[in-house]
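Protein chains: 2
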Amino acid sequence: MMENRQEGADIAALMNDIGKRARAAAGPLSIASSEQKNLALAEMAAALLRNEDKILAANAVDMANGERAGLSPALLDRLKLDMGRIAGMADGIRAIAALKDPVGDVIAAWERPNGLSIERVRTPLGVIGVIYESRPNVTADAGALCLKAGNAVILRGGSDSAHSSAAIHACMVEGLEKAGLPADAIQRVPVTDRAAVGEMLKGLSGNLDVIVPRGGRSLVERVQNEARVPVFAHLEGICHLYLDKSAKPDMAVAIAVNSKMRRTGICGAAETLLVDRAAADVLLVPVLTALEAAGCEIRGDAEVCARFSAARPAVDEDWSREYLDAIISVKLVDGVGEAISHIGTWSSHHTEAIVAEDDAAVERFFNEIDSAILLHNASTQFADGGEFGMGGEIGIATGKMHARGPVGVEQLTSFKYRVRGNGQLRP
Amino acid sequence: MMENRQEGADIAALMNDIGKRARAAAGPLSIASSEQKNLALAEMAAALLRNEDKILAANAVDMANGERAGLSPALLDRLKLDMGRIAGMADGIRAIAALKDPVGDVIAAWERPNGLSIERVRTPLGVIGVIYESRPNVTADAGALCLKAGNAVILRGGSDSAHSSAAIHACMVEGLEKAGLPADAIQRVPVTDRAAVGEMLKGLSGNLDVIVPRGGRSLVERVQNEARVPVFAHLEGICHLYLDKSAKPDMAVAIAVNSKMRRTGICGAAETLLVDRAAADVLLVPVLTALEAAGCEIRGDAEVCARFSAARPAVDEDWSREYLDAIISVKLVDGVGEAISHIGTWSSHHTEAIVAEDDAAVERFFNEIDSAILLHNASTQFADGGEFGMGGEIGIATGKMHARGPVGVEQLTSFKYRVRGNGQLRP
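Protein chains in written order, with the numbering used here: chain A, 1 to 427; chain B, 1 to 427.
Please note: incorrect hints may appear among the correct ones.
Any copy, or any two copies together, can satisfy a pair, since identical chains are not distinguished.
Under the rule of at most 16 Å between Cα atoms (straight-line distance), these lysine to aspartate or glutamate pairs were calculated in the EDC-like manner [said to hold, decoys possible]: (1) K202 x E226; (2) K100 x D325; (3) K80 x D105; (4) K248 x D82; (5) K202 x D105; (6) K54 x E35; (7) K416 x E368; (8) K416 x D384; (9) K202 x E292; (10) K416 x E363; (11) K54 x D82; (12) K248 x D281.
Hints are computed from structural coordinates only; laboratory data are not their basis.
With the rest of the complex left out, here is chain A (with noise of 0.2 Å):
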């Protein structure tokens, strides 16, 4: 007992000095300059290939220690790190290298009747945690990301990637100092004890400004519970797609089978499939017979079990799940307004896809539904900050504060007033 709380203690302090020394590295980082940055970026993706022996060598350890826990392969996979994986996170550093600095850029500008003539401009946003699971990339993507916005950043990966982890951050803060900036600025947490986590999502006495949590749903859920500081998440993405009867049937079909089975653990997969009645008849079986094809199982309503035999009922659980597997619910319904309800109803306001003809039901769609995603005519698989063009994401947030979507550099920045006058004085 004693000891417990003497390790608490331990773990409150270090947590404490993580947090003002990224709140310390802040600083001169908001002010440093696109060409420091890069700089840092270029040397970061240099000390990954340059070292890469060293970081597979820490992998296998972690490897070797994941098969002997008995961790699943799919996160056996998540976990392991390859000369093609390590190549893949310097080129990723090298795109956030290539992007626009969003610090000091101009939002907005206007002049005011009495001359004082006003901007608005991005500023970093201070100090960003990052809590995540197994993928030990992540501790590349994201301090990069963070770094190319002027944050500090504070990583904290999960234990069964620990020593991967621990090998990819020394390149990255290599690359910090030989571009003079504070080694502080990338800093990760480096025990792996859950309290570290609570003291996170206490806020470190003020120096955490938002936190990212990367992982499973009970990880997500637990921070967006506890966290006494913002959070940039999605819980689930329980993604729909409504085929109108003004489809054209095989790009509805194409749509459907690439939202849902292009890769079914996203969270940007179609989990419910909603089809205009008015059109079931050409639309219903060749979409689900495609799908079907392609290995996916289909938990009709009563009805779409009536048009497809191989459909098993669905129950009610099944609006709401998000499967992540190859596995789909699908209903009938009266149009797009009917369609609207459904999603209002049972959405995770992450991405809803309509592929019509019709303008008026897009216009529809895309007005009445508040989900950070409206898609037409396109696979819901493109809800993902690289395709948007973003350079990257460190994740997808459907709460409407600050970020929404993907989270790349502009919504890591916060912005501030830049009033210019000539003396001018308030009446």
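Since chain A is already given, all that's left is putting chain B on it; use the hints.
Chain B alone, transformed into the frame defined by chain A:
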């Protein structure tokens, strides 16, 4: 005890119901046309003028109660309504009607190499809670701003202004109903029990998206510490005015007097004056003489007191005090660098101004200080949504998430992405 628990349960149920009704109203409100919202605003303004007698009668009750309760003259002045102030509320609502509708505004648009066209468009935030104290006009201002941005609002005014706020609220509801909008779009909490505030801070079961506290330090502090939902607020405005050695002396005098003395009780009033030591001979005495002549008490560091005999010695707490009164703390600094570091230590990140002719000093001041509003050669008292051309503000925020500086209709919105394709599949 039993009775208290019963009352607590009643208030929880009442507030929960208010939250549910606000969320239900937010749906139709989010897709209401600009014309419909502007019609509601015009009808609200007309109803305020038409019901002037009722509002004044209700206000007389509040004033009589306030006098009996021994409210200070300043509080009674905030509470008091007359024909001019009612006309001012109506004009304020009409000014908000004249603003561009932020909802549906395309903030950014770009095209991807694969032909996807991406737009980021503004959407309402949802349900906004406003907790305020004695000023009854907040009922009209906040109600109108939230409506313009397509949000439902829950208004919780103080008990001092309960009768006045109820009479004003009735006019707001009349406007909503005349325009065919849900009456629940602008709700007023009908009880003055503090437990109602507690329920709002807990977020009304997910039916409250953001809280805006308008009032004194203790209210804002409680809201910031206890709220489980985002808060747009500033705890205090410890605003600095720095006079650089390159400043024009006449401009420095005029801006110092206006920044401090135009109105001493507002958050944008200057509280600390920093004077460049290199120009102390030409700037310090003229500026302090003018401030003293305007009725301001001077609290200076040792050097200031040595140079200006009417100054009282400042103590440490003077650098972190928001006087909201005719008092200013004054310090000599070694140029813009020391000014920036003093501000970094003591500022509340609200508003800071520099008077200077040297562009390099201005650029450092603008780049290195992370406050919501930075001004060059202009009074700090311009820190105001109306003065920024926002047509009004629901408050000023010093946080870095979502809204910062004056919170106008644009800051009361979120955004979503609309992506248009012609059959794109993700490879």
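Among all the numbered hints in the text so far, which are the ones the structure does not match? The structure breaks hints 2, 3, 4, 5, 6, 9; every other hint is satisfied.
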